[in-house]
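Residue numbering for the first sequence is -12 to 784, as defined by my numbering.
Honestly, the hints are just simulated from the structure, not real lab data.
All of these numbers come straight from a predicted model, not from anything done at the bench.
Any given hint could be a false lead.
[To be verified] Simulated restraints on C-beta separations: (1) Leu257 x Asp373: 52 to 60 Å; (2) Ser657 x Lys394: 33 to 41 Å; (3) Asp626 x Tyr667: 15 to 23 Å; (4) Glu269 x Asp193: 30 to 38 Å; (5) Glu504 x Asn645: 57 to 65 Å; (6) Ile734 x Ala607: 26 to 34 Å; (7) Lys211 x Asp377: 15 to 23 Å; (8) Glu421 x Asp377: 52 to 60 Å; (9) Lys206 x Leu131: 42 to 50 Å; (10) Arg469 x Gly31: 48 to 56 Å; (11) Tyr667 x Asn645: 18 to 26 Å; (12) Gln92 x Ser316: 42 to 50 Å.
Quick reminder that beta carbons are idealized off the backbone N, C-alpha and C, glycines included.
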Amino acid sequence: MYNHNRIEKKWQQYWLENETFKTDVWDFSKPKFYILDMFPYPSGDGLHTGHIEGYTASDALSRMKRMQGYNVLHPMGWDAFGLPAEQYAIKTGNHPDKFTLQNIQVFKRQLIEAGFSYDWSKEVSTSDPSFYKWTQWIFKNLYLDGLAKYADMPVNWCEELGTVLANDEIINGKSERGGYPVVRKNLKQWVIDMPKYADRLLDNLDDLEWPTSTKEIQKNWIGKSVGAKISFDVKGIEEKITVFTTRPDTIFGATFLVLAPEHDLTKHELIKNKKEVSEYLEITQTKSELERTELSKEKTGIKLEGLVAINPFNGKEIPIWISDYVLISYGTGAIMAVPAHDQRDYEFAKKFDIEIIEVIKGGDIAIEAYEKDGQYVNSDFLNSVDNKKDGIELTINKLEELKKGEKAVSYKLREWIFARQRYWGEPVPAIHFEDKIEVLDDSELPLVLPELEDYKPSQKGQSPLEKAKDWVNIEKDGRKGRRETSTMPGSAGSSWYFLRYLDPKNENEIADKKLMEHWLPVDLYLGGDEHAVGHLLYSRMWNNYLYDKGIVPVKEPFKKLFHQGMILGANGEKMSKSKGNVVSPDELIQTYGADSLRIYEMFMGPLESDKPWSDTGAEASRKFLERVYRLYQTIKIEDKPNNNLERVYHQTVMKVTNDYNELKFNTAISQMMIFVNAVYKEGHLPLEYAESFIKLLNPLAPHITEEIWTKILKHNHTIAYEAWPSYDEIKTVSDTYEMVVQVNGKIRGKIDVSMNTSKEEMENLAKEIPNVKSNLEGKQIVKIIIVPNKLVNIVIK
RNA sequence: GCCGGCCUGGCGGAAUGGUAGACGCGCUAGACUCAAAAUCUAGUAAUAGAGAUAUUGUAAGGGUUCAAGUCCCUUGACCGGCACCA
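The whole structure should be built from the sequences, with the hints applied where relevant.
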């Protein structure tokens, strides 16, 4: 039995005292490796098993890379501002300010006790003024460059949380935090113009080594559609109605237009049925987002009497309707409805008895809309065109000639709603003067969050900062103004924190340019997949923007991305307090030790999969480490070679090295187990192998290996920078192998032969095996397939 | 509805188109022990057989191939994302 508590404490202290893992970022003499973890928000719950999982993986890779001679940057910090941290504080009756600091202390202790090799001299916290000075500075620049705007627009309002929310913070019409209802509301709000970067965020994905699923999620979220904008004249008035459509070629089937309820024209004075229209608008406005998008519900709408649109090609009059199935936030907020070839328009037309004109043959429009390809009919100049692509192109060309339309793209990606009417965030560094808005000068940053006793959200849409009257009302150059009282969302600080680790104390810029040039991009970014459309999109956008400004030298911040899977409870369900299936890292470290916990979480299965927890499995990892420790105490370690172990040793070095690089820790561990089993069987261990094996195990079990390295192998300093073992690929293969003999693909025999036996010899040996012989009896050999150094397959008839 | 992923023993899982089940857990038997734990040894996909061996077997069905867990098609279950996006 080894005493994990004593050994682990001792080495954790040693690493801290000796600053073993402090990175000299200015040392450019070695190849760099920047390996980044998604930093946690410091809730009072402390670390959970999922944190340990991802952080162990990145830590193991960091430790190997150091031993391989890389200058490794492996930092950690705190996503300390934002809704999660603030909600947690409110829930537990604490002030977020001190509470956050307290929680950070707990997290840091836990990370140290797990044996992670972070360089704590690079620690950052998003709620620290010296950090958020630069968050505000980036915002200021976004504003000056027209990418941050104060605009009147429909936003997501959550009454319960007392704030607006971004689209990625809403799941199925409810707030991600707390699951409260969210409604659409028109409000003046700070937004960041994500759509402006939509194309680049899409195109750059091709160059990133990211999981395909994450790329797909981002592609879907950006939701690029190519089509056309078509402008319809409205009879008798100046205003036109512009619609966006991906199928301009179906325009001869457009039998009505539909406007979103929020569309400007719904308030036009020539509308005859104003009363009914405003009644309809009122009903739709009180609906929550969830109700409005209920798919199962029947379509509703109302016809605008007194206004008709004109088809630009044939002058046909087209009625105009309002319906909430058209969204103001997508395209132009108006569509041309082609009921014959769009199911939604079809349902609407059926319900309100509107004409349905078939323009593409192939379906039966008496039953349903036909949305596939086919020959054009009833379509004037398009009737002779035989495919969709040409039809669309020709239509757009004609529209352009008539000056009635043009090619257009539309995105689902919307503005990032950037303000929160909450206390715990970076103050937006802007002042509202009577005539205009101004952002603060660099010299006025950071704009420090005022201390407030009562920081709780109000339900009237006002920020708690309104209460800090002295702070809000200011006079500048003789003009009276009011500070913006909204704060920034949680994702603000996390959109650029990876830059700050390079140079966390720099007071003059985000980070020294030379450092950014050397260290960026992040070589490997590890974290959960729940940030696929939030943080991972925002930070890409900010980085692209900073690249455009010449501040950051790379377009994309994270070259390679990896998501660890979730660790589930033993019952296969997500760990949660209410289900009572949560396991606590503190307890596990106390019982089994950090090394055991690390080994177990890496051995459970592939890093990327969700895996259920098992108590016996955690115990088994402890037993493996015991077995290793016992091996070094009981087996004879001598400075002389052992041919019986040579092959398995080289195989182990090769497999462990390759698997670590690919984050396949489960198979690396099983190979180390195979090696240990082989050594026990042999009863003897050459010194070279003994030392190398401890190096191989060190990244996953750093404490026990440091102990063995110094106490048993008698070295007088840390193993952290010892050279990583090398292997000889030739020595990984034996000189004999088990040749498999198949008859018609079924195994009929196996025989040991020497490597590189000739094909003829292989065939002859195969035919001599009794069981093969009897299978061949009386049969005709059709073909013999020989795979050198592997197998013989005899095909018979 | 659209997009992506996944499905292998009792369990976690392993398998560059070439011996399915590595490694570990659990279980069974044995050694050690007064006994237990720990440790060690052997066994452990199913069916039949004392055994050699044979047959079946990677969600279901089909296909390609000398050879399929792996490639292709169809279907199903589960997980995730988006969803009245024109």
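Verdict for lysine 211, aspartate 377 (Cβ pair) under range 15 to 23 Å: holds (22 Å)
Cβ-Cβ distance between isoleucine 734 and alanine 607: within 26 to 34 Å? holds (33 Å)
request  = Mind checking the hinted window 18 to 26 Å against the Cβ distance between tyrosine 667 and asparagine 645?
outcome  = Holds, since tyrosine 667 and asparagine 645 (Cβ atoms, about 25 Å apart) stay within the stated range.
**Report entry** Supplied distance hint 42 to 50 Å, evaluated on CB atoms of glutamine 92 and serine 316
**Finding:** holds (43 Å)
Q) Can the suggested window of 30 to 38 Å be confirmed for the beta-carbon pair glutamate 269 and aspartate 193? A) 47 Å Cβ-Cβ, so the 30 to 38 Å window is violated.
*Distance restraint evaluation - lysine 206, leucine 131, Cβ atoms, bounds 42 to 50 Å*: violated (31 Å)
task: Could you say whether the range 57 to 65 Å given as a hint is met by the Cβ separation of glutamate 504 and asparagine 645?
output: violated (31 Å)
_aspartate 626 paired with tyrosine 667, Cβ distance criterion 15 to 23 Å_ = Roughly 20 Å apart at Cβ, these two residues keep to the hinted range, so it holds.
Pairwise beta carbon distance, arginine 469 to glycine 31, judged against the given window 48 to 56 Å: With a Cβ separation near 35 Å, arginine 469 and glycine 31 fall outside 48 to 56 Å, so the hint is violated.
| query | Are serine 657 and lysine 394 spaced within 33 to 41 Å by their CB atoms? | reply | violated (56 Å)
Handout entry: Cβ distance range 52 to 60 Å for glutamate 421 and aspartate 377, holds or violated
Key = holds (57 Å)
Determine whether the Cβ-Cβ distance between leucine 257 and aspartate 373 falls within the hinted range of 52 to 60 Å. violated (42 Å)
Consistency note: the structure conflicts with the earlier hints numbered 1, 2, 4, 5, 9 and 10.
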